[in-house]
Each structure stands twice: as C-alpha cells, then as structure tokens.
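Number of protein chains: 2
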Amino acid sequence: MTVAKEDVRALAQAAREASRALAIASTEQKDAALRAMARHLRKAAPTLLAANAEDVAAARTAGKNAAFLDRLLLDTGRLESMARAVEAVADLKDPVGEVTETWKRPNGLKVAKVRLPLGVVLMIYESRPNVTSDAAALCLKSGNAVLLRGGSESARSNQAIAEALSAGLQEAGLPAHSVQVVPAGERESLLELLKLEGLIDLCIPRGGEGLIRFVAENARIPVVKHYQGVCHVYVHEAADLDMATRITVNAKASRPGVCNAAECLLVDRGVAEQFLPEVGRALVDKKVELRGCPTTVAVLTRAGVPVTPATEGDYGHEFLDLILAVRVVKDLDAALGHIARYGSEHTEAIVTEDEGVAGRFTREVTASGVMWNASTRFNDGGELGLGAEIGISTSRLHAFGPMGLRELTSQKYVVHGKGQVR
Amino acid sequence: MTVAKEDVRALAQAAREASRALAIASTEQKDAALRAMARHLRKAAPTLLAANAEDVAAARTAGKNAAFLDRLLLDTGRLESMARAVEAVADLKDPVGEVTETWKRPNGLKVAKVRLPLGVVLMIYESRPNVTSDAAALCLKSGNAVLLRGGSESARSNQAIAEALSAGLQEAGLPAHSVQVVPAGERESLLELLKLEGLIDLCIPRGGEGLIRFVAENARIPVVKHYQGVCHVYVHEAADLDMATRITVNAKASRPGVCNAAECLLVDRGVAEQFLPEVGRALVDKKVELRGCPTTVAVLTRAGVPVTPATEGDYGHEFLDLILAVRVVKDLDAALGHIARYGSEHTEAIVTEDEGVAGRFTREVTASGVMWNASTRFNDGGELGLGAEIGISTSRLHAFGPMGLRELTSQKYVVHGKGQVR
Numbered sequence: 296m297t298v299a300k301e302d303v304r305a306l307a308q309a310a311r312e313a314s315r316a317l318a319i320a321s322t323e324q325k326d327a328a329l330r331a332m333a334r335h336l337r338k339a340a341p342t343l344l345a346a347n348a349e350d351v352a353a354a355r356t357a358g359k360n361a362a363f364l365d366r367l368l369l370d371t372g373r374l375e376s377m378a379r380a381v382e383a384v385a386d387l388k389d390p391v392g393e394v395t396e397t398w399k400r401p402n403g404l405k406v407a408k409v410r411l412p413l414g415v416v417l418m419i420y421e422s423r424p425n426v427t428s429d430a431a432a433l434c435l436k437s438g439n440a441v442l443l444r445g446g447s448e449s450a451r452s453n454q455a456i457a458e459a460l461s462a463g464l465q466e467a468g469l470p471a472h473s474v475q476v477v478p479a480g481e482r483e484s485l486l487e488l489l490k491l492e493g494l495i496d497l498c499i500p501r502g503g504e505g506l507i508r509f510v511a512e513n514a515r516i517p518v519v520k521h522y523q524g525v526c527h528v529y530v531h532e533a534a535d536l537d538m539a540t541r542i543t544v545n546a547k548a549s550r551p552g553v554c555n556a557a558e559c560l561l562v563d564r565g566v567a568e569q570f571l572p573e574v575g576r577a578l579v580d581k582k583v584e585l586r587g588c589p590t591t592v593a594v595l596t597r598a599g600v601p602v603t604p605a606t607e608g609d610y611g612h613e614f615l616d617l618i619l620a621v622r623v624v625k626d627l628d629a630a631l632g633h634i635a636r637y638g639s640e641h642t643e644a645i646v647t648e649d650e651g652v653a654g655r656f657t658r659e660v661t662a663s664g665v666m667w668n669a670s671t672r673f674n675d676g677g678e679l680g681l682g683a684e685i686g687i688s689t690s691r692l693h694a695f696g697p698m699g700l701r702e703l704t705s706q707k708y709v710v711h712g713k714g715q716v717r
Numbered sequence: 296m297t298v299a300k301e302d303v304r305a306l307a308q309a310a311r312e313a314s315r316a317l318a319i320a321s322t323e324q325k326d327a328a329l330r331a332m333a334r335h336l337r338k339a340a341p342t343l344l345a346a347n348a349e350d351v352a353a354a355r356t357a358g359k360n361a362a363f364l365d366r367l368l369l370d371t372g373r374l375e376s377m378a379r380a381v382e383a384v385a386d387l388k389d390p391v392g393e394v395t396e397t398w399k400r401p402n403g404l405k406v407a408k409v410r411l412p413l414g415v416v417l418m419i420y421e422s423r424p425n426v427t428s429d430a431a432a433l434c435l436k437s438g439n440a441v442l443l444r445g446g447s448e449s450a451r452s453n454q455a456i457a458e459a460l461s462a463g464l465q466e467a468g469l470p471a472h473s474v475q476v477v478p479a480g481e482r483e484s485l486l487e488l489l490k491l492e493g494l495i496d497l498c499i500p501r502g503g504e505g506l507i508r509f510v511a512e513n514a515r516i517p518v519v520k521h522y523q524g525v526c527h528v529y530v531h532e533a534a535d536l537d538m539a540t541r542i543t544v545n546a547k548a549s550r551p552g553v554c555n556a557a558e559c560l561l562v563d564r565g566v567a568e569q570f571l572p573e574v575g576r577a578l579v580d581k582k583v584e585l586r587g588c589p590t591t592v593a594v595l596t597r598a599g600v601p602v603t604p605a606t607e608g609d610y611g612h613e614f615l616d617l618i619l620a621v622r623v624v625k626d627l628d629a630a631l632g633h634i635a636r637y638g639s640e641h642t643e644a645i646v647t648e649d650e651g652v653a654g655r656f657t658r659e660v661t662a663s664g665v666m667w668n669a670s671t672r673f674n675d676g677g678e679l680g681l682g683a684e685i686g687i688s689t690s691r692l693h694a695f696g697p698m699g700l701r702e703l704t705s706q707k708y709v710v711h712g713k714g715q716v717r
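First to last, the protein sequences are chains A and B. Following the numbering used here, the numbering of the first sequence begins with 296 at its first residue and continues without gaps. Following the numbering used here, the numbering of the second sequence begins with 296 at its first residue and continues without gaps.
The reader is advised that the hints may include incorrect statements.
When chains are identical, the list treats them as one kind, so a pair holds in a single copy or across two.
[Unchecked claim] Heads up, simulated EDC-like pairs for lysine to aspartate or glutamate below, C-alpha to C-alpha not over 20 angstroms straight-line: (1) Lys490 - Glu512; (2) Lys405 - Asp580; (3) Lys388 - Glu532; (4) Lys300 - Glu382; (5) Lys405 - Glu659; (6) Lys338 - Asp535; (7) Lys359 - Glu504; (8) Lys408 - Asp535; (9) Lys582 - Asp626; (10) Lys359 - Glu512; (11) Lys388 - Asp537; (12) Lys625 - Glu659; (13) Lys300 - Glu573; (14) Lys405 - Glu648; (15) Lys359 - Glu487; (16) Lys300 - Glu481; (17) Lys359 - Glu349; (18) Lys408 - Asp626; (19) Lys408 - Glu659; (20) Lys408 - Glu584; (21) Lys713 - Asp535; (22) Lys582 - Glu512; (23) Lys713 - Glu393; (24) Lys359 - Glu421; (25) Lys408 - Glu393; (26) Lys405 - Glu393.
It is worth saying that the hints were derived from the structure and are not from the lab.
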C-alpha cells in the first residue's frame, strides 16, 4: 500500500483535530467509549480473526519463525483478553484534570498544577496486534489522539481492530479519528510521520534495536524511547544467599525474552565460592547457559557446574534468551562501575541485608527501576501499580520507566487571583 | 574560531563524565561550589568586565542597536546581580534524591519515586551573558553537567564567566567540566552538538524564532522548546471591568518585550461598548498602539480613542512591543476558538466573576499557564514560586511552562522488597 506524503499529513491533522475534542471529553464519555470499543472488538470477532488468519498465513509463507507467528496470532481467547484489557482501562482513574499540587503565593495568588493530555501520540511497534487496542485504550483515557503504526505483517489485523475501535468511539460520540492506523510497511511514510513537528506531540517506538535507532535518527518530533534492558543482579557479600538465588533465577529464567529480565549476574568476591555453585546449579536446572569471568569459570568448574568463558561482548549484551553473563567483582564500587559502563539504565537489582550498602546502590545507580532484594521483573507498570503501561521508557526525559496513564499527560499551571498585577 | 567535529564530541564526552560525579555529589558539596563560583565571579571582575568591553566594542562596530548593546553589557552592578543569583540557587532546596511519592504493593514491595538528574544539558541562547551563570547554577544544583552555547557576540564574556565558574567548581572538588562553554558562532559545531544522541540528554534553546526552528529541525537529541508567547487576555461579560483594565494594561505594557506579555485582547460583545473606551484610553496613556476588529474600531472611534484596523496577520502575532490586537467576540466559545487557533500555548488569561465560566476556561485552554483574574505576566518561575527558572517551556513533553530545578530532573522507581519474585 503506497501512502502519499499528503495522506500522512492529513492523518496527523485529523488526529490533531480529534485531540482537541478528546482533551475536553468527560471521564464518563471516555469510559463509555472504552466499553463500546470492547463490545465492538467482541462483535467483530469473525472479521477480525479472518483478517488475522490472512496475516498469519502470509507470514508463514514469508518464512517467519514459530515465535514470530505466535506473537502475531489471535484466537478467541486472546481477543477476549484484548477486550478485557480495554475495559480495565475504563476502570482506571482519569488522569486529566487531576490537581497534583496547590500552593499560595505571598501576593495571594492560588497556584495549582493540573494534568492535561499531551495531544497526539504516535505509537510505532512491531507484530503483536494486542498493542493496537492496548495503546488505543491508554491514549484515549488520557485524552490523547493516537496514530498506530504497527508492523506490516499485522497490517490486516490492525486495520480490523482499528475499525472495531472506531465504531465504539463513534457510538460514544467521540471523534472516529481519535484512533487511526497508519498504513505500515514503508519507511517513506514513517519518515514523513517522524517529521510532523507541531502535529505530533510524542512518538513512542517499541521494538527491536533497528527500529528504535531508525526512529531516533530521523525524528524531529519528541521521542520517548523504549529501548533495551541490560539488567544486572548484584549479589553483595552481606546478601541472604538463598534469597539471592531465588531472585537471580526469577530475574533470568521466569521470562527471558522480556526487557526486565536479567542479563548479567555480579557476585562479590567474598561470597563467590559459596554462592556461585548454588546459584549455578539452580540456573542450569532452568536450562540457563552460563558465561563467566575467569574466577566464575574456575569456581563453577570445580563445583561441576557447566560454564563457558565470557567474552567482552557478553557484558552489556541483551540476550533475551536463557543465557546469563556472570562476573565476580571486588566490591560495591566495582559493581557500580560495571553497571555504569554496561547497563542500559533500565533495571538494576542488589541483594544485600546491609541497609547502608543498599542506600548507596539505590542512590547511585542510574536506572528507571532500582530493586533492593526484589527481582528485576517487577519493573513493570502492572507490578508497580500503575494499572497498565504503554511501554517502559529508557529515556530520562519526560518519563523514565513504565509509562502509565499519568505519563501520557503533561501539567499546566492554573492561577487564580483577585486582580493581581506585576 | 573553528571547532572540529571531534572537539565538539570531546566536550560532550567530558560533560557526560562530569555528570556521573555530579549525580552523586552531596547537597553540601554542590552548595559550596555555588558559593565558590559566586566568589570567583566577583574576584574575576576586572578580567570579566574587560572581556565584556571587547564584546560590546565589537558589537558596536558591527552596528548592533542600542537594545542589543544593552542586553550584552555588563557592569559592576550587573556582575554583582549575577553572583547573587548564583548564591540564591545555593539556598534553594536540592531536588536530587527527593522522594516524591511512596506506596506499598499487595505483595509487600515498597515503591518510591525518587528524583535524579537528567544528565547533560545543552543550553543554547543569545546575547545575554547572565544566562551563562544562571543556567550553570541551576544545572549544577540539579546535578546536571551543562554545555553553554551563547551568541557569538558575547563569546569573550561567556568564556571569562565560564573560567570563573570552573575555578569555583574545582575549589569545591567538583569536575571543572561540569560547566563548559561551547565556542559560538558556527552553525557546523551547533549541528554536531544537536546530533550527539546518547551524550546529551536535553537541549534547551532560548531565543528568536530562527534559532528555535533551526534547533527543532536539526536536533536528534531531546529538545524542550522555549518558543514564543502569543498570550491573550479575555474579558468576559461578567468581568469586574476595573480589574479587567488593570490586568490588560499590566499584561501588555509592564514589559512588552517578554514572552508572557499579552499580544491580543478579546472582549465579550456584551461589555464591548462600556469596556473598550475605558481600557483603550488606559492603554493609549501607556503609548500602546491598538489594532482592532471592525467592531473595536467603530466603538473606539466613537469614543475618540486612536485605533487602526487589525489585519489577519495581527492575530497570532508576537509583537514584543507596545502594540495590541483587539477583537470583540460573541461569547466564551468564540474566545476559546480564537485562542485555540491563534494562541501559542504559552499563557492565557480570563477576567470574570463567573466561577463556572472560569472553570471552563481553565479546563479547556491548552497553555502552560492559565490565569483567572490575574495578569499573564505571572507565568514566570520566580512569580510562581519555583525559585528561579532556566526558561519557559512551550512544549508539553517533560515540562510545560516555567522550568525550575525540579524540571531539570527525572524520577526513578526505587523498590524495596524482602526477596519477592514473580
């Protein structure tokens, strides 16, 4: 599908207009729209599953692997989950209009900070069709219009989902252009979108490194990156070692393909001899391949735990797989140095019973989530209690870490006076 | 002065390294550095004023006008104000480490949101040398390294100021590279800086439209724009008309050259006949030139108040001068429509005694500052109580409106558990 420059601009202009109506829509109206969107998703099941089946067949013909096909696939169960996720957003608190702070000035002016929507959000993602409805619901509730640009492999599914969502929006009296799917598959139309400064207020790219680099290098619109997670678990010498094993195994093996999974284990020299065999066996039981520094290799080999030597490229690498780099460090400072050099500012964990050490770690580590005696896997919007997330930002600007409804808003100063002048 | 690409990158890399030390510097250390910086500014007065005199002489030779030369000029009084402003930042609360929120999850995890610095800030500005020390102080206190790129006309002054600031930093044991002046005057070196994604975390351009457009069109690093203020005062039919006159005159005439000055007055039809002659006379007394819609022209002409017809180009225009566009509108909706079309999302004011109308106005207007019965001139960091500001953002992302110390920080999630896993 070829999309002319003018068409891309027209989509964004329609979104901008819709955003004006959305910004002042009441909570009741937005929630009614979300519930209607969920109803229409269920109602459109036959059309939607047929469109998805075409996408899956085309991807299979194109030789995509099983993991890819699984991410792309919709069935009645997954469709129902999508509809429920949309309804769950209706149950979340509306961030728009929330007064986050108030104060009074010596001259009597009353100042309030009040949340307002960002405007128009451009969401760029890959092949999971559920992102289409999840992102649409979160943007709608936060009063933002959204342009959804999914992967070309899920184009038919996304179009069918967007049609169902638009039907719900119109039923509730909100602009159909509040949610629009941008035709996927061409870098030209994406390039055009990325240049629409003044029409698009925020771009959220979610996906592989190539996609994010492309967006970062070409965007003239504000981008909040959802980049890789090179997360570490640091086991300090004053750690409860059983706890450290549980946390390490969970951080690495509970879901290795996600960004908050651990990719590297750092172990204090003082406890390496005791801890490494214990955690090594637990990890190998979970089919984790270990790549260790020379000390790690020596200790594990003596203990009969399989391990290969780590190369420099194994540090700072996001495996997204059952592979873990392991390094023995001298102390807290060495651990902090390793993390500053190799971490991606996503999630970092320390296991220790020493409060002072934990204090330094949580203060000095720059990462969106810093965990003390908890798994890296908790750096997630749902787990932290944000309700739902549109992604996890690895940029410090605007939002750092899981982005929920609030992170899709800005704040304005509302000032109430009695005629004050300067 | 020609700066090679590699040199620009080296400056940014030095800033990045300095930012790591600054991020964990104590409040005491940062405040000691600020006080030392102020001392060194005073001590360097002879060198500094000599450098400034060269800048002023060169600018005069280049034919710059009196207003420009005045902005560029430093004297002992202005230098003392700069030193005091740096000391005043030492007295502000350190935002780094501030816990903004805490909560507990059902699984027992304790979550805190904690402020951390953004990293490296690039400040791009024009000819006022005081911005150099103001921005350096605010960035330092918020734990950020800063690259200062001022106008070429103030290059000698800025370099001398930066040297004094660096001496203060070193005296307090903080990296001298925390504050660096980037050689000005070439678009190539600016272009290079704007591409240093990953090394610079935030770019703040402050200046004319041309500069801001250039930055917005070329930056691959995050930009928070400090763009124009096309601010309106809307006098509703239920306004206290004496208050409305006071606010309008103050908003327009107290300092017409700043971004929170009013550029357009909107008057409800129901009070136009009574209000326009009154406010018109008060404005003309302050030497304000009025450009009105046909109704305004008719009413003012009958009342003997000088007025010329407004052209379409007068609406949405930032005069930064003693000129005011005036338009009579049908009602609140017409006023909201005008502001949505012509406003720049900077500051908008309503004068009314009707709380319901004020509620709709403050809710529905998208602007960083929305004033009810107060002058637009209050949308300012000092006036709102932020202590000091690095500028006024007109972008909704990250910070909207005056940016103080807090707006130079991000927040991370710090999670404390007892071994929880997912």
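Comparing the hints with the structure gives:
1. Lys490 - Glu512: both (11 angstroms within a copy, 8 angstroms between copies)
2. Lys405 - Asp580: Answer is neither: 62 angstroms inside a copy and 31 angstroms across each miss the 20 angstroms cutoff.
3. Lys388 - Glu532: neither (43 angstroms within a copy, 35 angstroms between copies)
4. Lys300 - Glu382: neither (35 angstroms within a copy, 52 angstroms between copies)
5. Lys405 - Glu659: between (37 angstroms within a copy, 19 angstroms between copies)
6. Lys338 - Asp535: Result: close neither inside a copy nor across copies, 53 angstroms intra and 55 angstroms inter.
7. Lys359 - Glu504: Within one copy only: 19 angstroms inside a chain, 49 angstroms across chains, cut-off 20 angstroms.
8. Lys408 - Asp535: neither (44 angstroms within a copy, 26 angstroms between copies)
9. Lys582 - Asp626: neither (29 angstroms within a copy, 70 angstroms between copies)
10. Lys359 - Glu512: For Lys359 and Glu512, the Cα distance exceeds 20 angstroms both inside one copy (28 angstroms) and across copies (38 angstroms).
11. Lys388 - Asp537: Neither: 39 angstroms inside a copy, 41 angstroms across copies.
12. Lys625 - Glu659: Answer is within; shortest intra-copy Cα gap is 17 angstroms, inter-copy 58 angstroms.
13. Lys300 - Glu573: neither (59 angstroms within a copy, 51 angstroms between copies)
14. Lys405 - Glu648: Close across copies (16 angstroms), not inside one copy (46 angstroms); limit 20 angstroms.
15. Lys359 - Glu487: Answer is neither; intra-copy 28 angstroms and inter-copy 40 angstroms both fail.
16. Lys300 - Glu481: within (12 angstroms within a copy, 33 angstroms between copies)
17. Lys359 - Glu349: within (14 angstroms within a copy, 68 angstroms between copies)
18. Lys408 - Asp626: neither (44 angstroms within a copy, 27 angstroms between copies)
19. Lys408 - Glu659: between (30 angstroms within a copy, 14 angstroms between copies)
20. Lys408 - Glu584: Result: close neither inside a copy nor across copies, 51 angstroms intra and 35 angstroms inter.
21. Lys713 - Asp535: between (61 angstroms within a copy, 10 angstroms between copies)
22. Lys582 - Glu512: neither (38 angstroms within a copy, 49 angstroms between copies)
23. Lys713 - Glu393: neither (23 angstroms within a copy, 33 angstroms between copies)
24. Lys359 - Glu421: This pair counts as within: shortest intra-copy Cα distance 14 angstroms, inter-copy 54 angstroms.
25. Lys408 - Glu393: both (8 angstroms within a copy, 18 angstroms between copies)
26. Lys405 - Glu393: within (16 angstroms within a copy, 24 angstroms between copies)
Violated hints, in rising order: 2, 3, 4, 6, 8, 9, 10, 11, 13, 15, 18, 20, 22, 23; the structure is consistent with all others.
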